[in-house]
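Participant: Sequence:
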Amino acid sequence: MDPVQGAVLGVVQGLGEFLPISSSGHLIIVPWLLGWPDHSQTFDVALHMGTLFALLIYFWRDWWNLVGAWLPSGGRWFGPATAPSRWLGLSIVAGSMPAAVAGLVYQDVVESALRVPWMVAVLLIVGGVLLSVADRAGLQRNGMERMGLPFAVIIGCAQALALAPGVSRSGITLTAGLLLGFTRPAATRFSFLLSMPITVGAGVLKLRHLVSDGIPADEQMAFAAGIVASFVVGLIVIGGLLRYVRTQGMDVFTGYRLTIGVIVLTVTIAGLR
Numbered sequence: 057m058d059p060v061q062g063a064v065l066g067v068v069q070g071l072g073e074f075l076p077i078s079s080s081g082h083l084i085i086v087p088w089l090l091g092w093p094d095h096s097q098t099f100d101v102a103l104h105m106g107t108l109f110a111l112l113i114y115f116w117r118d119w120w121n122l123v124g125a126w127l128p129s130g131g132r133w134f135g136p137a138t139a140p141s142r143w144l145g146l147s148i149v150a151g152s153m154p155a156a157v158a159g160l161v162y163q164d165v166v167e168s169a170l171r172v173p174w175m176v177a178v179l180l181i182v183g184g185v186l187l188s189v190a191d192r193a194g195l196q197r198n199g200m201e202r203m204g205l206p207f208a209v210i211i212g213c214a215q216a217l218a219l220a221p222g223v224s225r226s227g228i229t230l231t232a233g234l235l236l237g238f239t240r241p242a243a244t245r246f247s248f249l250l251s252m253p254i255t256v257g258a259g260v261l262k263l264r265h266l267v268s269d270g271i272p273a274d275e276q277m278a279f280a281a282g283i284v285a286s287f288v289v290g291l292i293v294i295g296g297l298l299r300y301v302r303t304q305g306m307d308v309f310t311g312y313r314l315t316i317g318v319i320v321l322t323v324t325i326a327g328l329r
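Each number in the working numbering comes from the position in the sequence shown (counting from 1) with 56 added on.
Because the hints were derived from the structure by calculation, they are not lab data.
Take the hints with a grain of salt, since some may be wrong.
As a list, the in silico SDA-like pairs of lysine to any residue whose alpha-carbon atoms are at most 20 Å apart [to be verified]:
{"hint": "1", "residue 1": "K262", "residue 2": "L170"}
{"hint": "2", "residue 1": "K262", "residue 2": "W120"}
{"hint": "3", "residue 1": "K262", "residue 2": "L108"}
{"hint": "4", "residue 1": "K262", "residue 2": "L219"}
{"hint": "5", "residue 1": "K262", "residue 2": "M105"}
{"hint": "6", "residue 1": "K262", "residue 2": "Q276"}
{"hint": "7", "residue 1": "K262", "residue 2": "W116"}
{"hint": "8", "residue 1": "K262", "residue 2": "E167"}
{"hint": "9", "residue 1": "K262", "residue 2": "T98"}
{"hint": "10", "residue 1": "K262", "residue 2": "A156"}
{"hint": "11", "residue 1": "K262", "residue 2": "S96"}
{"hint": "12", "residue 1": "K262", "residue 2": "N121"}
{"hint": "13", "residue 1": "K262", "residue 2": "G159"}
{"hint": "14", "residue 1": "K262", "residue 2": "Q163"}
{"hint": "15", "residue 1": "K262", "residue 2": "L112"}
{"hint": "16", "residue 1": "K262", "residue 2": "A158"}
{"hint": "17", "residue 1": "K262", "residue 2": "L235"}
{"hint": "18", "residue 1": "K262", "residue 2": "Y162"}
{"hint": "19", "residue 1": "K262", "residue 2": "V182"}
{"hint": "20", "residue 1": "K262", "residue 2": "V165"}
{"hint": "21", "residue 1": "K262", "residue 2": "D164"}
{"hint": "22", "residue 1": "K262", "residue 2": "P272"}
{"hint": "23", "residue 1": "K262", "residue 2": "R171"}
{"hint": "24", "residue 1": "K262", "residue 2": "V161"}
{"hint": "25", "residue 1": "K262", "residue 2": "V178"}
{"hint": "26", "residue 1": "K262", "residue 2": "M252"}
{"hint": "27", "residue 1": "K262", "residue 2": "V166"}
{"hint": "28", "residue 1": "K262", "residue 2": "V157"}
{"hint": "29", "residue 1": "K262", "residue 2": "V60"}
{"hint": "30", "residue 1": "K262", "residue 2": "F109"}
{"hint": "31", "residue 1": "K262", "residue 2": "S168"}
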């Protein structure tokens, strides 16, 4: 892998991790369509570290307040302890549990059975349709202050489905949030916050690949380019999407998912790849 390929895949990760279009699915179909060699799990870990840092930096104030609200000192170190902050923190932890359990139990099966382009295409199409339905059917009247344990667990169960490449973690959690009556900004913000624990957990588990395999000497520049690209693009996309959903719906993402899904299926059926 050369630095250009690394940077391109970093951009793909930065876009797909936060837009409801599936980063894992695109990291499969982009190299497949371009005829690039498969990249290692070690490289996947590196790209996810880039978007993880983007999450940490963009939402640093949220994490500062959420952690501070649970300090025994009453949050004096980080700021005032508030009941909403404590409940939101508890909701994030509870909502992360379903995906954590599913990942531990089914990750190997998913990675061996579902990491094929045609399956990614099908899930992109199905997920796009569901997102469109949720965007139209949802009442969109609940703000973040209404996010409690029951809602968080339901959204967390939806997040567990994103183990399959093509589903999209942000897409499926947005779909669930909208169907539960949350506004687009609230559903999007909670989706981002909910992604943090599971991204950290998955990164820690997969670090064994980075430790055991190391970074090949001839790919170090590609790794660096990928990490930087995923971080920078991810940081831009988080802010951009939060602004976008204040006034716009999900049609553009649905249309994109359907288009890419049809293209991949057509290429597969025609035997072009």
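Participant: Does each hint hold? Answer for all of them.
Facilitator: These are the hints, each one checked on the structure:
1. K262 to L170: 18 Å, holds
2. K262 to W120: Answer violated: K262 to W120 is near 26 Å, above 20 Å.
3. K262 to L108: With a Cα-Cα distance of about 14 Å, the restraint between K262 and L108 holds, given a limit of 20 Å.
4. K262 to L219: This hinted pair holds, its Cα atoms lying about 14 Å apart.
5. K262 to M105: 11 Å, holds
6. K262 to Q276: It holds: about 18 Å lies between the C-alpha atoms, which stays within 20 Å.
7. K262 to W116: Judged against 20 Å, a Cα distance of about 24 Å means the pair is violated.
8. K262 to E167: Holds: K262 and E167 sit about 13 Å apart, inside 20 Å.
9. K262 to T98: Measuring from Cα to Cα gives roughly 8 Å; hence the hint holds.
10. K262 to A156: 13 Å, holds
11. K262 to S96: 11 Å, holds
12. K262 to N121: Measuring from Cα to Cα gives roughly 29 Å; hence the hint is violated.
13. K262 to G159: 12 Å, holds
14. K262 to Q163: 11 Å, holds
15. K262 to L112: 19 Å, holds
16. K262 to A158: Holds. K262 to A158 sits at ~15 Å (cutoff 20 Å).
17. K262 to L235: 32 Å, violated
18. K262 to Y162: 14 Å, holds
19. K262 to V182: Violated, because 28 Å separates the two Cα atoms, which is more than 20 Å.
20. K262 to V165: 15 Å, holds
21. K262 to D164: 12 Å, holds
22. K262 to P272: Roughly 17 Å between the alpha carbons, so the hint for K262 and P272 holds.
23. K262 to R171: 17 Å, holds
24. K262 to V161: 15 Å, holds
25. K262 to V178: Judged against 20 Å, a Cα distance of about 27 Å means the pair is violated.
26. K262 to M252: 15 Å, holds
27. K262 to V166: Distance ~15 Å between K262 and V166 Cα, so the pair holds.
28. K262 to V157: 15 Å, holds
29. K262 to V60: 24 Å, violated
30. K262 to F109: 16 Å, holds
31. K262 to S168: Judged against 20 Å, a Cα distance of about 16 Å means the pair holds.
Going through the hint list in order, the structure does not satisfy hints 2, 7, 12, 17, 19, 25, 29.
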